[in-house]
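Construct the complete structure from the given sequences, taking the supplied hints into account.
First to last, the sequence lines map onto chains A and B. Taking numbering that gives the first Met the number 0, the leading residue of the first sequence gets 0, the next gets one more, and so forth. Taking numbering that gives the first Met the number 0, the leading residue of the second sequence gets 0, the next gets one more, and so forth.
Hints listed in this document are in silico derivations from the structure and should not be mistaken for laboratory results. This one's a predicted model, so the numbers in the text were calculated from it and none came from an experiment. We put the CB at the ideal spot given by N, CA and C, even for glycine. Treat the hints with care, since some could be wrong.
For each label pair, taking beta carbons as the anchor points, the in silico distance ranges come out as [said to hold, decoys possible]:
id	chain 1	residue 1	chain 2	residue 2	range
1	B	G240	A	P122	28 to 38 Å
2	B	E333	A	Y149	32 to 42 Å
3	A	L95	B	A388	52 to 62 Å
4	A	P154	B	S68	36 to 46 Å
5	B	E333	A	P154	21 to 31 Å
6	B	G53	A	G82	30 to 40 Å
7	B	E333	A	L95	36 to 46 Å
8	A	G82	B	P43	21 to 31 Å
9	B	T78	A	I138	32 to 42 Å
10	A	V261	B	T78	27 to 37 Å
11	B	G240	A	L114	42 to 52 Å
12	A	V314	B	K367	58 to 68 Å
This is what each chain is made of:
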Amino acid sequence: MLPSLVPLLPTENDWITFDVPSLAENFWSATFDGLTFGAIYALVALGYTLVYGVLNLINFAHSEVFIVGCYAVFFTLSGLGFGPSVPRLDIWAIILNLLLALVLAMVASAVTAFLLERIAYKPLRKRNAPRLVFLITAIGASFTIQYLIYLWRGPSPELALTMFRPTPIFDVFGTIIDSQQLVIIIAAVIMMVGIDRFISKSRTGRGIRAVAQDPDTATLMGVNKERIIITTFVIGGLLAGAAALFYVMKIPSGVQYSGGFVLGIKAFAAAVLGGIGNVRGALLGGLLLGLIGNYGQILLGNSQWTDVVAFVVLVLVLLLRPEGILGTSLGRSKA
Amino acid sequence: MYRKKVLTSLAAAATVSMLFSACANPSGPSTGESSGASNKVNIPAISKVDVPSGAVKPAGDGKATCPASTTIAYAGAQTGPNAQLGVNIFNGVQLAIDQHNKANPGCQVQFKKFDTEGDPNKATGPVTQMVSETDIIGVIGLPFSGESKATGNIFEQKGLVHITPSATNPSLTENGWTTFFRGLGNDAVQGPAAAKFLTGKIGAKKVYLVQDDSDYGIGLGTSTSGGLGSALTGTEKVTTGQKDFSAVISKIMNAKADAVYYAGYYAEGAPFAQQLVGKGFTGTFVGPDGVKDDQFIKQAGDASNNAYFTCPCLPGELIPDFASAYKEVSKGAEPGTYSIEGYDAATVLLSGIDAGKQSRADLLSWVKSYDKDGLSKHYKWDAKGELQAPTVYGYKVENGKIVPVGPIGE
Chain A
0 MLPSLVPLLP TENDWITFDV PSLAENFWSA TFDGLTFGAI YALVALGYTL
50 VYGVLNLINF AHSEVFIVGC YAVFFTLSGL GFGPSVPRLD IWAIILNLLL
100 ALVLAMVASA VTAFLLERIA YKPLRKRNAP RLVFLITAIG ASFTIQYLIY
150 LWRGPSPELA LTMFRPTPIF DVFGTIIDSQ QLVIIIAAVI MMVGIDRFIS
200 KSRTGRGIRA VAQDPDTATL MGVNKERIII TTFVIGGLLA GAAALFYVMK
250 IPSGVQYSGG FVLGIKAFAA AVLGGIGNVR GALLGGLLLG LIGNYGQILL
300 GNSQWTDVVA FVVLVLVLLL RPEGILGTSL GRSKA
Chain B
0 MYRKKVLTSL AAAATVSMLF SACANPSGPS TGESSGASNK VNIPAISKVD
50 VPSGAVKPAG DGKATCPAST TIAYAGAQTG PNAQLGVNIF NGVQLAIDQH
100 NKANPGCQVQ FKKFDTEGDP NKATGPVTQM VSETDIIGVI GLPFSGESKA
150 TGNIFEQKGL VHITPSATNP SLTENGWTTF FRGLGNDAVQ GPAAAKFLTG
200 KIGAKKVYLV QDDSDYGIGL GTSTSGGLGS ALTGTEKVTT GQKDFSAVIS
250 KIMNAKADAV YYAGYYAEGA PFAQQLVGKG FTGTFVGPDG VKDDQFIKQA
300 GDASNNAYFT CPCLPGELIP DFASAYKEVS KGAEPGTYSI EGYDAATVLL
350 SGIDAGKQSR ADLLSWVKSY DKDGLSKHYK WDAKGELQAP TVYGYKVENG
400 KIVPVGPIGE
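Rendered as structure tokens:
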């Protein structure tokens, strides 16, 4: 053997090994962490799914709508005096500050989504551009926003803010669930239920479903299509902004110009996994993807496996059910 | 109108859920940190280091003579993301040259700097230019392992001696280069010393080893795990640029480790420490020289309170003469990591020039057979260019500053 080739050979540690005992031991903590991430994926996935349902457009710039929300959270909280250390505030002050950050992040993301629709997509729609052009525009818009942030803030991540020190709340099967996981999961689930009811029950929701099902007929029936499209983008933005707060809470060092990209891809994958265009599908897909990625990472013993496992499962599911787990229709989802 | 309702309900939902967590624990998060201190290992900081009495000083005997063109050079980062380390080093070199030239009117050594930005891809240009300048007979650099690996051959071809004051990758001396000398202990020395520090002074029974995927992290992780023996509870790998460490952390928590050694750089080490402490880890976090930086404290916040470091570098700030003289060169900044190593390496070259070794070949053989004390340690290299008796120091965070706790691994 040539000596120069020896370092290229995998050593025993480099082969794929399945660490089943470790998964068994860490099963519950992996589950709760996975659900936490899944909840964040699901909130972002809703933005992809709603826009796809209405416009048949994969809005790749949605990951940047999300990262703008992260920056809004960062600037709000650092402006309020939060830093890497645990804040010395009482719990009510913290809740108030976080709510303010939540609202500002939702507004920032919604405004970004609104501008994106007005500047990038509406002119194309007016000119009846082919669908491929929308897709390329979406990718272009994604890079544009990303590198505008890069020019403004540089390549390094922002200072990692600690919002509150997670405290153990209760014990499930020997695994401690802390306040941070609880806040994220509960808040996200309430939002998901809210958005599901909004789409299925409200007048605007009915409009969204009508446009998704058949835009021309919906227009004939008196639905204002342009208004519905804008509303859809804004709702997606609001949810992405909320996801941004939870994301920064969970991963404080994640505020970086490119930080939305991988999360966006995973949220998109979550939407496809559940059935793109389907609101409940996005929720289910997000939670599943969070869980699967986390289990895979522990089973295979390295964080680099998280995405690999998640996407392998995605491919397998799509082989069996090309429409995703719950199928792909926003329009036909039951009222 | 419906939209408004939804917005309100979303906001209400968030409030309710946050209240829920607050009510479940009325004492609030601010009390959480007191429990973190319970396990805190307290190794007192040292306030002085012993300087070998016979340490060679750059001034020499003041009678040296040399041609006016005699030049030594620094090659390494002056700008770029890791510029601070380079600044620490060349200020140390500058100080040595200033002291030498002041004491020796007959030998005014020139000092030239070449900027590599610390980047292996950019380093070959300035180094090639440097070796072609025949007045340069000795070099301090390069500071980082990657750029040292990329440029070692260029020095070798021109027979130009260079001493790195900070590159610690063990494989650098395995290339057969005869012009490369390392002015500090490599990671094969730091790892076992760190293991001894963890199980000895820190008193850890269960150490969890976390290493990143850089050559530095892998090499250091391997040499540390060898020294830990049965105290090693588990090993985890993280990736450069990784942001979320929850899976690694839950393994550490489930293993009930009382200390974590993080073999990597502060860019990932700081968020890792922050998330680790956030999850309720009350043991001791220990990082190597790649984490020992004020940036670590800045980024990890109060999660850095319980942190210790290992570093094959001497705390130059504790040698009063050196520290005060350094501040004049650095415009007031304290000696940083590797300042004194830069100063000592320059002293080795300057004493050779004073002894009449004023060509590249003569100075190279001078360094090869060098066997004297410097301010930081004894300098004598083996055939490969490794120091024979390097020292590793322990450091800790105290009141938001990194302070030394004395030599470790002995």
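Against the structure, the hints:
The given range of 28 to 38 Å is respected by B/G240 and A/P122, whose C-beta atoms sit roughly 36 Å from each other. Separated by about 33 Å at the C-beta atoms, B/E333 and A/Y149 satisfy the suggested range of 32 to 42 Å. The beta-carbon spacing between A/L95 and B/A388, approximately 59 Å, falls within the hinted interval of 52 to 62 Å. The hinted window of 36 to 46 Å between A/P154 and B/S68 holds, with their beta carbons roughly 42 Å apart.
The beta-carbon spacing between B/E333 and A/P154, approximately 28 Å, falls within the hinted interval of 21 to 31 Å. Look at B/G53 against A/G82: about 48 Å separates their beta carbons, and that is not inside 30 to 40 Å. For the pair B/E333 and A/L95, the beta carbons lie near 41 Å from each other, so the given range of 36 to 46 Å is met. A/G82 and B/P43 have their C-beta atoms about 28 Å apart, which keeps the hinted 21 to 31 Å range intact.
The hinted window of 32 to 42 Å between B/T78 and A/I138 holds, with their beta carbons roughly 34 Å apart. For the hinted restraint 27 to 37 Å between A/V261 and B/T78, the CB-CB distance of approximately 30 Å keeps it satisfied. Separated by about 30 Å at the C-beta atoms, B/G240 and A/L114 break the suggested range of 42 to 52 Å. At about 59 Å, the beta-carbon gap between A/V314 and B/K367 stays in the expected band of 58 to 68 Å.
Taken one by one, the earlier hints fail for this structure at numbers 6 and 11, listed in ascending order.
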